[in-house]
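Line by line, the protein sequences are chains A and B.
Position in the first sequence counted from 1, then plus 30, gives you the working numbering.
Mapping to the working numbering: the second sequence position 212 is 206, numbers consecutive.
Take these hints with a grain of salt, some might be off.
Unchecked claim - Every beta carbon over 12 Å from chain A, so not counted as near; a handful from chain B, in silico:
hint : residue
1    : A4
2    : G26
3    : P29
4    : M39
5    : T52
6    : G72
7    : V82
8    : R105
9    : C170
10   : H212
11   : R219
12   : A227
13   : W231
What the hints assert, rightly or not - Label pairs and their computed distance ranges (CB to CB):
hint : chain 1 : residue 1 : chain 2 : residue 2 : range
14   : A       : A103      : B       : T149      : 47 to 55 Å
15   : A       : E81       : B       : S106      : 33 to 41 Å
16   : B       : G91       : A       : E81       : 46 to 54 Å
Because the hints were derived from the structure by calculation, they are not lab data.
Quick reminder that beta carbons are idealized off the backbone N, C-alpha and C, glycines included.
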Amino acid sequence: MCTYQTETVAVQGSGKGVATWFPVTTATVYFDHPQHASAEHTLNVDFLNPERGPSARVAVELTAASARALAEAILASLPRD
Amino acid sequence: MPHVADALTAETIRIAGHDGDEIRAYLAQPTGDGPFGGVVVIHHMPGWDRWSKEVTRTFAAAGYLAICPNLHDREGKGAGPDDSAAAVRAAGGVPDGRLVGDVEAAARHLRSLPSSNGKLGVIGYCSGGRQTFLAACKLPFDAAVDCYGAGVVGTPPPQAPFRWEPLIGLSPDLSCPLLGLFGAEDRFPSPEHVAELDAELTRLGKVHEFHSYEGAGHAFFCVDRPSYRVEAALDGWARIWEWFGRHLNS
């Protein structure tokens, strides 16, 4: 399937691309076909800086199970407010 | 397949797309004087990638002039197909009006080639399947093939940022016979979506032929993805050759 569904989040931080680190301003999240991972569908996250062009991207494609585990790990790692 | 020489040339060219924007297109031509039918290949959502170019060359090897415009060239700015596709997704997708303009430019280029027989088909995969239906309703073609295009029927999910609307209302304007190839396990388009379009085209008396493959989902033609289903793809290719052979070579 192509879900076409995309969650877009404004973020602040940095990501390391092919060449170097760059500030990331946008994250897009979608469950769809991967470009590379060996799964029919993956949870895909793109960390982007659109002002620096399309190559300013850090991309990950995770199976649904590993994406859930990662999300829980992120929440568990963050200090509680 | 009508062509026996199995020889071709392929190259990236630049064409004036929608609004005169210069975009790149991959052009593959069989060797020989022709006359040859032409096929506009609309690439899938992952972009103007190696597989899409391989498909374009496959049509040339079979005796068709084939062109695949890079629908992501504006956002891509020379980046790789995956980064370009991500940029397009983040920007909200390819606008329908721009798609029609780019496909029209690609079709015009094929018709201008001295070896053209004047007949043109259009084929697209994934998002390109929907765009094939759109192009075939907005532009004059002699045959079309929609490979698992979502969004022809049904409304997009509420959180979808894409600016597309359902196209089924354009069905009276469908300019040519339509072959549809779908996976029975696909959700976008679902079997219900396919059945609804089938019924509407039948009601309108539009020439069409739909096939849905059991055991196949979305993107079953893509040989470089786990979604590839060899039986569905082989049968699908056979039907494509028959369809274009009937409508573009006669």
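Results for each hint:
1. A4: 23 Å, holds
2. G26: 36 Å, holds
3. P29: 36 Å, holds
4. M39: 6 Å, violated
5. T52: The claim stands: B/T52 keeps its Cβ more than 12 Å from every Cβ of chain A (closest is about 21 Å).
6. G72: At about 9 Å from chain A, B/G72 fails to clear the 12 Å cut-off, so the statement is violated.
7. V82: 9 Å, violated
8. R105: At roughly 31 Å from the nearest Cβ of chain A, B/R105 sits farther out than 12 Å, so the non-interface label holds.
9. C170: 24 Å, holds
10. H212: It is violated; B/H212 is separated from chain A by about 5 Å at its closest Cβ, not greater than 12 Å.
11. R219: Answer for B/R219: violated, closest chain A Cβ roughly 7 Å.
12. A227: Answer for B/A227: holds, closest chain A Cβ roughly 15 Å.
13. W231: 21 Å, holds
14. A/A103 <-> B/T149: 47 to 55 Å: 36 Å, violated
15. A/E81 <-> B/S106: 33 to 41 Å: 38 Å, holds
16. B/G91 <-> A/E81: 46 to 54 Å: Taking Cβ atoms as reference, B/G91 and A/E81 lie about 26 Å apart, which means the hint is violated.
In summary, the structure is inconsistent with hints 4, 6, 7, 10, 11, 14 and 16 from the numbered list given earlier, while agreeing with the others.
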